[in-house]
Amino acid sequence: MASEGLRGALTAVLGGRGLLVQNYDSGPAGEPPAPVRLRRNVCYVVLAVFLNEQDEVLLVQEAKKECRGSWYLPAGRMEPGETIVEALQREVKEEAGLQCEPLTLLSVEERGPSWIRFAFLTRPTGMAQQVAAWAEGSRHRSPGLYSGGILKTSKEADAESLQAGWYPRTSLPTPLRAQDILHLVDLAAQYRQRARHPLLLPQELPCSLVCQRLVATFTNVQTVWVLVGTVGTPHLPVTACGFTPMEQRGGIKMAVLRLLQECLSLHHLAVETQGLLGLQHLGKDLTDGICMNVLVTC
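For the sequence shown, the residue numbers in my numbering are 294 to 591.
Source of the hints: derived by calculation from the structure; they are not laboratory data.
Hints may be right or wrong, so weigh each one.
Claimed, not checked - Result set (PhoX-like, lysine-lysine): computed pairs, CA atoms no more than 25 Å apart in a straight line: (1) K448 with K577; (2) K386 with K546; (3) K546 with K448; (4) K386 with K358; (5) K357 with K386; (6) K357 with K448.
Turn these sequences into a full structure, and let the hints steer you where they fit.
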């Protein structure tokens, strides 16, 4: 029965589905740590990459004093009580005027467990119904062409943004607020041309900490072994992130190395992160933690 449960868990995680986090195989000793909280000790950012059939990117013009007039992808911080998708949809509506739906997670970027950004390939709702027409002399679609909102123009400028517009991917407006969006735009274009992974969206499951569930594999010519937690029912191991100043500065991979060193007693293990298999978060009832299901090779 234990092997059947483990096989089902592995199938679920490899298929992009989630599993409830119940215990941590590696984490701080002693009392259970306090749950993470948005606006207190973690910051999550959502970012949307839109590409239309003309290979144009949706950008918004910043209204904030420190970067006013520069251009960037729709992005912003998550608020307490939101799911990741709800935060994405709110930010896009506030900054670009459109309702949207995420197609797939493109990237997870982090500066340690206290700052994590989720980038999505996204499309406006009702995009299948749009017509190929342009307002004369304008980068803005004519009103009503999207069933989910109207693209924000300079007439609707507010504290969230000055306007939004579609621009050729190879000729973006200047100045850009930062160059870090360029590789995300390239990722989106590459995914549309040739998807390297299945569509992946967050699974709404609660979690109290920032953690990673590992599918850690060891191979030889003929065999693949998967690391299994054996305390209680056999399970895929989970490691909590960021419980020392060094881990906060060093990034979330340090939690992976900690778990592997603890259970394998190897201090010079070569570990490669191969990709993200799934993302879990709920954000309701003060559950601001996230669980990333990660494939690593050892």
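Outcome of the hint check:
no.: 1; hint: K448 with K577; result: 36 Å, violated
no.: 2; hint: K386 with K546; result: 34 Å, violated
no.: 3; hint: K546 with K448; result: 45 Å, violated
no.: 4; hint: K386 with K358; result: 21 Å, holds
no.: 5; hint: K357 with K386; result: 17 Å, holds
no.: 6; hint: K357 with K448; result: 17 Å, holds
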